[in-house]
Structures are given as structure tokens and as C-alpha cells.
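Engineer: Residue numbers (the numbering used here), protein chains in the order written: chain Y, 1 to 361; chain C, 1 to 537; chain X, 1 to 359.
It is worth saying that the hints were derived from the structure and are not from the lab.
Some hints could be false.
Ranges of calculated distance between the beta carbons of each label pair, as one might list FRET restraints [what the hints assert, rightly or not]: (1) G151(X) - T42(Y): 52 to 58 Å; (2) A248(C) - L199(X): 56 to 62 Å; (3) L193(Y) - T77(C): 36 to 42 Å; (4) A168(Y) - I318(X): 35 to 41 Å.
Here are a few chain X residues that sit away from chain Y, every Cβ distance over 12 Å (derived from the structure) [what the hints assert, rightly or not]: (5) W114; (6) S118; (7) F135; (8) L137; (9) G173; (10) F176; (11) G254; (12) K354.
Just so you know, even glycine gets a beta-carbon here, dropped at the ideal spot from N, CA and C.
Residue-level listing of the chains:
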Amino acid sequence: MPVLAVFLGLAGGAIVIVISNAASGRGFDLLLPLRAYASMLTGAVTGVDELVRTMSEATPLILAGLSVAVGFKAGLFNIGANGQFLMGALGAGAVGAAVAGWTPWLAIPIALAGGMFFGALYGFIPGALKAWTGAHEVVTTIMLNFIAAALVAFLVTGPLLAPGFSFARTGDVGNAAFPAIGNVAASGHIGILVAFAAVPIIYWLLNRSVLGFEIRMVGANPSAARYAGINPGRLVILTMSLAGMLAGMAGAGQVLGITHFVSASFSTAAGFDAITIALLGRVHPVGVLFAALLFGVMRAGSALMQIQVRVPVEIIDVIQAVILLFLTAEILVRWIFRVRVERAGLEELKTITKTYGQATR
Amino acid sequence: MQPDAESGRDHVVPAAPTSGPEPQVVLEMRGITKRYPGVLANDHIDLELRDGEIHALLGENGAGKSTLMNILYGLVTPDEGEILLNGEPIQIREPSDAIARGISMVHQHFMLVPVFSVADNIQLGQEPMANRVFLDRRAAHERIRALGNAFGFEIDPDAKVETLSVGWQQRVEILKALDRKAEVLVLDEPTAVLTPQETKEIFGVLRRLAAEGHSIIFISHKLYEVMEIADRITVIRRGRVVGTRLPAETNEDDLAELMVGREVELTVDRGESHPTEPALVIRDLRVNDDRGHEAVRGVSLEVRAGEILGIAGVAGNGQNELVQALTGLRRPAAGQVTLGGKDVTGASPRALYDAGLAHVPGDRQEYGLVLSFPIKDNLVLTGYHRSPFRRGFVRDDEAVDAWADKLIGTYDIRTHSGEVAASTLSGGNQQKAVVAREFSRDLKALILDQPTRGLDVGSIEFIHRQAVVKRDQGTAILLVSAELDEVMEISDRIAVMYRGEVVSVVDGRTANREEVGLLMATGRRDVLPETRVMTSE
Amino acid sequence: MEVVFEIPVIGLILQFVAYLVQVMPSLAPIILGISVPIAFGALCGVMNERSGVVNIGIEGMMLMSAFFGFIAAGFTAEVIGEQVIGPFSATVPLLLGVLVALATAMLLSVLHAWLCISVRADQIISGVIINLLAFGLTGYLNRIFISPNPGLGGGTFSSFHPPSWLVDIPLVGWLFSMFLEHGPISMTLIVFVIGLQILLFRSRWGLRTRAVGEHPRAADTLGIDVFRLRYRNVILGGVFAGLAGAYLTLEQVGAFQNGMTVGRGFIALACVIFGRWTPIGAFGAALLFAGTAVFGRAVNITPPTGNLAPLGDFLSSIPQQFYGVLPYVVTIIILAGVVGRSIPPAADGRPYEKEGQAA
């Protein structure tokens, strides 16, 4: 079913490509989408450098996808992964710059921990708001995303500004940088290993640990969870902090692995990709991994696609939306393919909408 | 035959059921069949309703009575069968069709919008209009007041429904149905939430309506009520009609046997209880409801080990808040609760569990189970945090599996595996799972909240028997139920709650049903309830 | 009067209030202007949620309608020119742009309605889909159609200017300025707010809508078609989102930028909650948000004097960026403070299933 949704998403993107191409006066080119997708694939998997770049694109997506998925398991919609990503990046950049001269054995973990901490903090805020006041995380996290961008701009041009550069940015993280993998141009780094390691850890946490059982119970039926002795508020806060930490790791990885500093206009779309990734992966850590790899391919290959075929990279966002549409309305997939598909709906999703506008009691 | 000036339809003057010419058949349902996945809810059911009669539809929970009436009302489409009104076949595809044909229904669960006023609820769907767009509120008020007066009630059209007592909400529901000029009136378990006195009142109203030419279908699972009010009784079992009787020709045992299909012990033998010292002591407890009003006003009770104390009362007199305060789901405002001598006032559900208290909640699907989880996880829902089900941070899956297998066997929970989701269980088996989980450990006290609501007779028997067993093991049991019968059947002592206070505690064996009913309705033994004037609470 | 101001602490607060009263009226038209897209978004939200449907895709609807309205006006202007044919400098391209904006939002509403009501998908996800689609599609098409044509555009509606004798009326003159010194779309806002409020609580449609949002099964048993009512309301709600989008590109600025809605569709949701799901309440909340957005500017233009001067210095020294995020912060504060006490329509967010349907 997710495979079908992806296929239909690509088809939807293809339709948009063809129509918009025709409407802009460049003729009705039915093969254009195929050339576009081919070039995307070429840019992503046809060489060692390309593969490395794909993995590097996928790294933050895996972590952000896990962040959203963990939220979903508890019946929480973490749309704030973007903001948490930024905070994690900023935290890693600032701490990294501060420990830039230390030995890498200390600098790297400390900087990474800095990123994780600030990401967790930025997840804690909406979690606490939800637990103590009932403010629904959907709106608060979106607000926090905007605030995070402003915070980054403010801090980088202010207290964290590194002198001597031609544009506003933090200092270089020096020894806190992740060791590179492969060709410099491919931006590979060991962050990919961190991301890969997170998958089984999160799986184990959710399915074998007592905490995971509690998280899943709160997501499936918060009333029963209260009856069963769980403090839902405590769990909401814990889960959002955990989700924030994961998204923060994604941001830290970007800074420590690729850019090595934070600019005032540092931004990302990983948080929104993460939503589709989490749902495409059926909110299962392994599924998230594969979905993130798919998106990694798309994002990595899109640069080449834009150069070679002149299809703007934003088409990926369109494809994403269509994939999500078919995941949600599996009835459409059924109708198009005449196959029996099980509902993509998850119990946890019901809890998300149910708590909209009502305080967690 | 005289044309009825109002409806324009031929209207037969109703004859008394036992004399004169054969009364006209107003409504006939023939061969009604409805299948749901895995269940044949209605199996070729034939039903005949005569003009001016009160026809009872009797069957236990889940027998298919509500489905049949939902088909009549257009909420459900049948797979086979036809409906004839006054001899001609009609199509009912949705409620507006039924309403247009003069069929009105009072549902088991109130179909009232709580935040709307009485007037808004009654006029909804056929609002008097001042012009094409705007409502005519004054006309609506007039009509409702007139309607109330016709039946001897004083109605406040502006009262918000959520502030009314359940008895008055029931009356509003009935008025709502009558306001639609119903020829056929269907009532689904109308007395479920009423006191014996209110039940008598409603029966009086129904008899009057029947005499005035309305034809009534009365759904119930309560034998003595059906014997009292019905002109004819049709019994349904497992989706099939198993017999139609006249009350004069039958009795409760006969009907019970028809309902269940075998000889039924109507009461569980509760035997002698040997209570010892008090295990659960409640002193002067005060609890507020969601709106901040005092719902429990200084309740003091003692439940002794080895006895069942039943709390009787009309729903909405503070029982919910009392149970919530005792089980950690709501903080008391004042007072003290001790369990086995230990102060547990305001303790969390987890702390209470660890202290030896178990709670079977009133809503098994919302609170008692996580339906999407496997049955085995549900069987450790309240105990997963203790060994042997956990080892540090990790769960011990083997221990959980073993425990689940044991409980499924002992309690005969009908499922082929503990791995499937709890949603696959029937209602009775779901409740058995909850009971299995909570009963299977050493307990100081046990709180049962509506433990047999919506269950079939077999499951009800089972749960009552298990409760008696638990009592004889020395557990103190507090039973809260809106079903007076249940309370009277297995309680050793009965406490009556009225407006947040315990107004009386009587012996369970010698209690008088009428007396308890009066206490439930008015808080006093000697005063009849005021049923004429609507009061907001 | 000044004596009152001398009272410690309270006097300071009163001074502050007096300052606001002095400064804000001149800003009132600006405040209303800023509130227009938020308020229209909130009206869309009210229509949806009163019927029982949660719609967090208002942001996406606004963005899409802003884009397509702009494109329609722009291309039409290239083809037939920009001849003024009516008041407010209305041209055919502009009017067409408005229509296209409305149609776009209504189409997206059809999608949302279908997903929420017929497919019974999770309603928040449906909103996310609309937002993603909007951001992706507008970003993509922006690159293809607008970037290569920097001069594209159909202009904007111009504002009406009430006569000066009206505005100069003491005490209430500023109200005329506030509501009348605007383009056509803004002026319709107050009409819609009052109209919707009256209809919601005094008309048959309003009664049935609220019933469907509170207890759809009760309405169903009384013969009301729950599905049709919800569909109609969600689609009509799209009109408001379309007006918000049209305002952005056809009245406020004559250009389109990626993501130009900057979260106002979400702030609108907070307004709905804060306004207790009433049109007038939501409008008031929108004015409040607009006020906070303008506050920073106000402090800089007309700094407080006298005893408040230190406060004025402090407020002026806060970087404009903080004022930029003030609406977002206020949204969070309001949600945190109000939500627990504000009760939504009881069936909000719950898809309705008729009893006889197989799951």
C-alpha cells in the first residue's frame, strides 16, 4: 500500500509537470516527467559520490521521521520538528564553536549532546503546554517553528555572532565536526551511522520497554491510560521531549557534519518531509528508515534534475502531498488499482484530533 | 370510519383489545433480515402492531430488538423484508421518511443536544419560522408549553437540557417524539434511567396515549415491566422471534425461558455473607463535578471485608464522582478515605492499585480496555508495572503470555488467541476480560461500576457469581449500578444516594423495592416525588 | 485626570492605557487591515468547526487562493489590459482574480470535505495534506510562471477614502476611518462577521449547523441530512479563506511570495478558540492579534512620554524581530490560557457514521 501511494504520488507529480510545462509555453511534453525522474535517480544513486550524498540527505530525514513517528505513537502531532531541528542545529553550532579547540573525542559528543539538549528543550515546551493547559500541539508547534527561525536570526546576528566573516554566522565548530566519509564534495559524514543506530534503538524503546508500552497506551486510549495508572501529562511531556531530541539530533547532524557553522538564515524543510515520511513508514521505525531513504534519493537527485531538465525542486513537495493524499484516502488507491488495501488510518491519529481543543485531564 | 381532520388519513376508532371486532393492524414488519459481519442481527422477523395497542418487544441485550426498530426508523437498511403501514408497503430509507409517515422514536441513549435549550431540542428538524430564514422563537415556546400542559407537565422551554435530571430529559425526549404527530411511537428501553415512581408516571402517559389512538412499541429487557404495561409481548432471541404472548397467558419465568432459551435462575444464590472488619472507610467525602458544583456532599460509608455494599440511585446523583474520587480519577475536595487502615485520600490510580484496590470501570471500551491492543496486553493493563511482567526497563513478554493464557482459560474468554486485538471480543467477553484482570489477585477492596451494563444474561450471571466468590474470599466490594435489580440481587447491604448524599443504608435481603425506589426519587421514605414541574439543577 | 496618574503602580497602568487610547486610533485602520486575512481565516474556521469539522488547512487554502487569484489577474491583465470599470479601481483582471481565488479555496474545501466527511480520514491529516499541497504547488508554479515574468501582476484594488468631515467627528470619528478607509474586500469583512453571527444564532440554518456540530446523531434522527449540511458548510467556509487569499495579493500587495501567509491561517485557528467559536469573538481576537503586530511600530513612531518614557525607551530598544514574533507568542499564550476553559462543539473533529454502515 505505501508502495502504491508512492507510485501514485510520482504519477501526480508527473501530471503537474506536464501540465505546467505546457501552460508555460514550452509545449506538451509527455516524456518530461520520465526524464525528470530519471535524472533525479541519476543524481542520487549512480555513483559513489551520489550515494554518499543521498545518505547524507537521508540522515536528518531518518531522525526527523523518527521524531514525528514517536510523537504519533503517543497520539501527538509533532509538526514542530522543523523548529526543534533549528534549535538543535543552533545548540550544536554554539556548543561546537565553544569546544572547537578540544580533542575530538570530547568535542563531538559534547556538541552533539548540546544539539540534543536544545532540541529536547524545544520539544518540552509544547509538551508541557499540552499537558498543563491543553493547548493543542498542532498549533503551538507551528507557532514555535516561526519563533525558532526568528530566534536563530536574532542569536546568530547577536550574541553568537562570530567576528570576521562577510555574513552573519556562528564560529566554526572545529574539532567538534563529524568526521567525513568519502569525497568532500559529497558531504558524507558519520552522522549517517548515528541515524541508522537510532532506528533499532527507537524500535526497542517503543515495543519492548515499559516506557514504550505506556507511550503506546496513551496514544491508543488516553482515558484507559489514566485508569491504568499512567499520568498522561507526564508521558506527553516525555514523548515531546524525546521527539524534540531526535529532531534536534537531525539539526545537529547538519551543522556538525556538513556546514560546520550556523548562518542567520539557516533553514530546513526536514520537519515537513518528516510528516510524510512517518506516515509512509506506517509509523514504524523500519518503515521510517525506508521512507527517509526514498526522500533522500529525491532530495539528493533533485539538484541534478533542476539543472538537466529544468524542473524546479519544489515538485518534490507536490509529490509529497499527493503521496500523503493517497495514504490517507486509501479508498482512492483501491478504486484505481482494484486491490484490497487496508486502511492507512492509525488508532493514534484518532487521539490527535480528539484532543484538539480539550485539556488533557 | 371517520377521516381524521388532522392527518387526512382514515382513522379507526380503537376497540378494546379483548372485545368487539378484530382491531386494525397499523404496522407490519415482514421477514426483516439484517446481517452484519459475523452476526445475523435480525433473522426473518415478523412483527405486527395493532391500532391503539402497547406492544412490548422483549429480549436480552444484543438480541436484535434495537436493530429492528432502527430499521423501522430508517437508521438502518434491512437486507431483506418489507414494512407495511396501514396495509400498504412503504419504503423507509432515512429518519425523515419515518417521521413523514408518522413514526416517531424515543432512543435508548438520549438524542438531546446538551447545550441546547429544551425548545431548541424539541423544534429541531421542524422549526416554526418567522420568514424564510429566521426562526420564530415565540411560536416555538408557545407550542412547547401547550404540549407540556396537555400531558400535565410544566415545561421551561429555555432550560438548558444538560441541567435537567435524567427523568426530565426522558420527558423532553417523549415530548419531542409526540410533537411530530406520531401515529406509531417506538420507545427503546425508556425506563432504564428512571426510578420506580417515574416509571409508573411514564406508564400512565403511555396508557393515555394508547387510548387516544397512538400505537406503541415498547422495547425492554425487564420482565416485570413488560408484564405490567404491555397488551401483547413479542420475545426475540438471537435475532429471531421465538414467540408472542398475552400477559394473561404467561408469567416471568416463562418469558425468561423464552428470552434466554433455557431454564434460567433469575437470581444468583448469594448465600450468607460473613463480613469482618471494615476494609474501605469513607468519611465525610466531598467531591466537585466538572462545573465546580458539589456532587458528593459529605458521604460516609464503611464497606467491610467479605460483604457487598451496593449503591442504589438514579444516575446523576453523585455516583460517578464518588467512584472517581475512590479510584484516583478525581481529587476529593474534602474528607478522608482509608483502605485497610491506610489513608488513601486523593491517591493516584497507581497508588491505589498497589494498595490492593481494584476498579472495574463503568465504560469498558473507553476506560477498561485499549481495544486496539492485543488481548494479552489488555489483561495486564493495570498490572504491567509490577513483576513478573517487567524486568527493570523491559517488559517480560513470556510472563505476560503465560498469564494471558491462564486467564483466558479460567474465565472462558471466547477468543482463539491472546494476540488478537481486544476489539474482536464480544461485549460480554470484553467485560469478562476486564473482570478477569481485576479479580485475579488478592484484593482488599473492589469497586464495581455498572459491571453488567449491556450484557447478555449468561455474562451477567457469570459476573455476579464471580463477585460473590470474591466476596467470600474476604474482599470488600462496593457495587455501583443504575440497575436497581442488580443492586437488590447481590448486595448484602444497600446504600441509597440522592443528591450527593447517602440518605439511607438498608439490609440487602429485607429491603423493600418500593421503599428503595422512593428513597432514590426523593431521598425520603414518605414523600412522593414532584413530577409536575420541570426543575433545573 | 493627571492626578489619577500619580497613584503608584495603578497610575502607571492607567497611563499606559491612556497611551494606547491615544496612539491606537490613528493606527486603527492599519490594525483592521492586518486583521483582514486572519479574521476571514477565522470565519472559515468557525464555519468548519461549528459543523463538526476541524480544518487546519486554512493556511494552505489562503495561500493557494492568493496565488491563483494573482496569476489569474496577472495573465488577464496581459491579455486585455487594466481598464478601470468600477469603484475601488476595479478592473476586469482584478474581479476575475477574486473569482478565481474564491473558486480555488472552494475546490480545496471540497477536497477537505470529501476526506473528512466521506472518507472519514483523520481531519488534521487532511489539513496537513492541503497545506503541503499548497506550499509545494505554489512554490513550484511560482518558479515556472512568476519568476520568469517579474512584471506580472494585475495591480490592486484601491482604498475608499471617507470624507474628512466624517472622520473628524470627535470620539467616534476614528471608527469610520477604521472600517471605511479600505479596499472592497476589507470592507466586506465586518458585514460578513455580523451577518454570520446573526445567521448562526437566529436562523434555521444556524440551529441545524450547531446541532450537527454538537450531536450529529440527534440531528440525524430528526431527519436532518448531516452529510449534506457539513459538505455545504465546509465548501461555503472556503469562500472566506478565498477572500483572505484574494486580499493578500489583490488588495494588500500586488505581488506573490512563497509562503506569504506566514502562519496567519494558524493564528486564525487560535482566534476561533479564543472567540469561543463565534464570528464576533473570532473577529475581536483577530483585531487583538493585529494590534500586537502593530504595537512595535506604534512604540517607535509615537513613543510614550512623561512617566512612561523609561518604558518607551525599553520598548523601543527591543529589536523589531521580537515584535515580529509577538503574534506567534501571543497565540501560544492565548491557547494556553483559554483552551481549557473554552468548550468546542462536542462533535468537533469526529467523523459521523450512520449506524447501519459497515465499519
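Engineer: Decide, hint by hint, whether the structure agrees.
Structural biologist: Hints and how they fare:
no.	hint	in the structure
1	G151(X) - T42(Y): 52 to 58 Å	violated, 36 Å
2	A248(C) - L199(X): 56 to 62 Å	holds, 58 Å
3	L193(Y) - T77(C): 36 to 42 Å	violated, 59 Å
4	A168(Y) - I318(X): 35 to 41 Å	violated, 19 Å
5	W114	violated, 8 Å
6	S118	violated, 9 Å
7	F135	violated, 6 Å
8	L137	violated, 5 Å
9	G173	holds, 36 Å
10	F176	holds, 34 Å
11	G254	holds, 21 Å
12	K354	holds, 17 Å
Hint compliance for this structure: hints 1, 3, 4, 5, 6, 7 and 8 are broken, all remaining hints hold.
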